[in-house]
Amino acid sequence: MNYYTMKNNERINLLDIPTIDFNALTAQLAASNLRPVSFFGSDWGENIKLYVILADDENKKLLVTSSLINKNIKEYDSITKENHQYHMFEREFYEQFGIKPLGHPWLKPVRKNQDNYEFFEMQGDETHQVAVGPIHAGVIEPGHFRFMCQGEKIYNLEIMLGYQHRGVEDLMLKKHSNQLAESICGDSVIAYNMAYSQIMEELSGTQITPKAKLIRRIALEMERIAIHIGDLGAILGDIAYLMGKEVYGVTRTLVINTMLEISGSRFGRGLITTGGVNFDIDDNLSKKIVDILNNVKNTVEKMTHAALKSSTVMSRLEKTGTVSLETATELNLVGMIGRSCGINLDSRFDFLDDFYKDLKRKPFKATNDAYSRFKIRYKEIIESISFVKKFLKVLEKHKQENLCVSTKDLIPNSFAISIVEGWRGEIVHVATTDETGKLSRYKIKDPSFNNWYGLSMAVRNNGISDFPLCNKGFDLSYCGFDL
Amino acid sequence: MFDTLKMKLHQKKQYIPDIKNAPMRTQFRGLPVLNNSICDKCGKCKDVCPTGALNINPLSIDLSKCTFCGACKNICKNNAINFSSYYKLGTDKKEKLIVTQEITQEEYNKRAIEVRKEIYSVFNRSIKFRQVSAGGCNGCEMELNAAGNANFDMGRFGIDFVASPRHADGIVITGPITKNMAYALEDCYKSTPKPKIVILCGACALSGGVFQESSELNREFLNKYKVDLYIPGCPTHPLTFINAVLDFIRKK
Ligand code: SF4
Ligand code: SF4
Chain A
1 MNYYTMKNNE RINLLDIPTI DFNALTAQLA ASNLRPVSFF GSDWGENIKL YVILADDENK
61 KLLVTSSLIN KNIKEYDSIT KENHQYHMFE REFYEQFGIK PLGHPWLKPV RKNQDNYEFF
121 EMQGDETHQV AVGPIHAGVI EPGHFRFMCQ GEKIYNLEIM LGYQHRGVED LMLKKHSNQL
181 AESICGDSVI AYNMAYSQIM EELSGTQITP KAKLIRRIAL EMERIAIHIG DLGAILGDIA
241 YLMGKEVYGV TRTLVINTML EISGSRFGRG LITTGGVNFD IDDNLSKKIV DILNNVKNTV
301 EKMTHAALKS STVMSRLEKT GTVSLETATE LNLVGMIGRS CGINLDSRFD FLDDFYKDLK
361 RKPFKATNDA YSRFKIRYKE IIESISFVKK FLKVLEKHKQ ENLCVSTKDL IPNSFAISIV
421 EGWRGEIVHV ATTDETGKLS RYKIKDPSFN NWYGLSMAVR NNGISDFPLC NKGFDLSYCG
481 FDL
Chain B
1 MFDTLKMKLH QKKQYIPDIK NAPMRTQFRG LPVLNNSICD KCGKCKDVCP TGALNINPLS
61 IDLSKCTFCG ACKNICKNNA INFSSYYKLG TDKKEKLIVT QEITQEEYNK RAIEVRKEIY
121 SVFNRSIKFR QVSAGGCNGC EMELNAAGNA NFDMGRFGID FVASPRHADG IVITGPITKN
181 MAYALEDCYK STPKPKIVIL CGACALSGGV FQESSELNRE FLNKYKVDLY IPGCPTHPLT
241 FINAVLDFIR KK
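Line by line, the protein sequences are chains A and B. Each residue of the first sequence is one higher than the one before, starting from 1 at the first, in the working numbering. Each residue of the second sequence is one higher than the one before, starting from 1 at the first, in the working numbering.
The hints are simulated quantities; they were obtained by calculation from the structure and are not laboratory data. Given the structure is predicted, the values throughout are model-derived calculations rather than measurements. Note that beta-carbon positions come from the ideal geometry of N, C-alpha and C, so glycine has one too. A hint or two may mislead.
Derived lysine-lysine pairs resembling DSSO-like cross-links, with alpha carbons at most 27 Å apart [to be verified]: (1) A:K365 to A:K297; (2) A:K379 to B:K6; (3) A:K245 to B:K46.
Residues from chain B that face chain A, not an exhaustive set, calculated with beta carbons under 8 Å [said to hold, decoys possible]: (4) L9; (5) N21; (6) Q27; (7) R29; (8) G70; (9) N124; (10) K128; (11) V132; (12) C137; (13) M142; (14) N149; (15) N151; (16) A184; (17) Y225; (18) V227.
Bound-form chain A, shown alone (with noise of 0.2 Å):
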């Protein structure tokens, strides 16, 4: 295939971009075993511009390629019939684009057009539907979940989602900012926003200090171990173990109000900046930070030990809501998720840069089941308070520096990319710029993207009273799918 490769977070031009024919472009990634991260169409005048972005994982590169397709062509031959990884990658392009994928095997609506929405049926005795939502039990987002059922037992859950859709890529469009990139989803504040900024800053080629990328990839991973910590909580809370679910809960209390020291917000709202950050970590601030780390990591590990010592959690962890590798596999999970089922995907050491590349990391054991869930969680917890240590080392070295630059003008007919690990998982920003320097597109996608569907898979043939502790347990996002 002609591609052009590049790394993440880079600019390169436009043009380098090869364009190669619609027909053998579609061929090609069927029949191809290089993950997709991005597939999405552009406005090229007459023209859509489609572009794949592929990520060569055993090589740890992007290749990046596109195809021009005239608005006249109104069908192609669906990817997804041999290859599934592309199933909604599909489905979003046909309802941006109106371009449509013959022979898709679940050609659904994505995020409009609910009341046209098709549900999988199922007939016979005893069989019965269950519908849930958009408004949830719960203080959550809303979504529309629809059981098949026999019984207790769950035949197919069908996911349909797309009410917070608020048109976020358009937005981005007619006025970008920080505060819009934090708003995208508010439970990764921060690595969107790191996103957002890391692609305004290449786009422009702006150089931001060391310092400043030190004081964001702690307050991303910082990120991590607050809303790790309080999934811990709202999984044990699911199945009614309710002294975990307090004790987890004010755990990550702690976390977030020091989160707020630095930055005036419980979730980092304000700290990151596109040219650097706006608040320092000075020397008490940051002996602080150790202290309640040292202190949050003893609650943990205690709390941890001693719900997963007791019978009745165990039971209902094991081998609840499993998702097999092969399946994992297929539909393309990432991030958390994807590492529990046994995928050992992590752009953070995967595209690594100067930060992460001396930190060590221990292999997961994945059993794929509601307790592997559990158990990543503990572990990256663990693991984020020493990254978060070692990086406020470092930080000593780089006092003197900036906490931020001035930013300049965005560079014409430009294409970036920038990968960041949220605590969910690989959150995706893709911009191009037109010919004087505007943005022409913004592509958002979120972990949930790939996600939402192995939820569907882990409930299957299990009762639908542990569907709670399923979702907890993949804790997806609504707002960051629906954009």
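On the provided structure of chain A, position chain B with the ligands as indicated by the hints.
Same frame as chain A, but now just chain B with the ligands:
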């Protein structure tokens, strides 16, 4: 079993005893403190504001739009814009959310939420809400969840979120209200028994926030029905939420 009990001892008491006077970290960006007299009207703050919350003639911030991002403070060379850590920001009228140099903390607090007999006589001891996220980014939702955790524990004041609108005394809306959620939101409102309270929570719900220019919103609902409480923030801090509700349902 014993390990679980040991954890309880290890944890000790976690709740904030006096929620009305709970201390807040000084770094928190709460009520703005504006100094119009030293503002030289350069307009830079207005340019960086992502939501159009700022006006410079005279200097004012509309808390229904403000995301408390601090960008205006960072760019102002004259130090005319500051944020205090005062967190009791909820009001019962949208107009009261506009802060100018004259609006001090006492002034803001004094007029923020009017005591209404028909409210406190009914809801004084307990008020239950159905929460509807209508395009919220999960920031406000996480903070509303946190309001019920062991630290803030709003359940002790009789404030709770319930699973069904049928069991609720009102609804709390977060998010800018997307087209796709407009129907479900109205349905939920109609399913709530009277008398029903409507609370808007967060910059998105109050004004559309950073999404106000989106073509995917449908804010009709707010023209049709009366809103009882406006609670700013991005996201709304749990203390802001709990105190606003307490001021609303109590005699003071
Ligand atoms: S803090 Fe509020 S007024 Fe200031 S720039 Fe941010 S949104 Fe605008
Ligand atoms: S007000 Fe801010 S935190 Fe709340 S939903 Fe809107 S963007 Fe998210």
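Against the structure, the hints come out as follows:
| no. | hint | result |
| --- | --- | --- |
| 1 | A:K365 to A:K297 | holds (21 Å) |
| 2 | A:K379 to B:K6 | holds (23 Å) |
| 3 | A:K245 to B:K46 | violated (43 Å) |
| 4 | L9 | violated (11 Å) |
| 5 | N21 | violated (18 Å) |
| 6 | Q27 | holds (5 Å) |
| 7 | R29 | holds (5 Å) |
| 8 | G70 | holds (5 Å) |
| 9 | N124 | violated (23 Å) |
| 10 | K128 | violated (13 Å) |
| 11 | V132 | holds (6 Å) |
| 12 | C137 | holds (3 Å) |
| 13 | M142 | holds (6 Å) |
| 14 | N149 | holds (4 Å) |
| 15 | N151 | holds (5 Å) |
| 16 | A184 | holds (5 Å) |
| 17 | Y225 | violated (17 Å) |
| 18 | V227 | violated (19 Å) |
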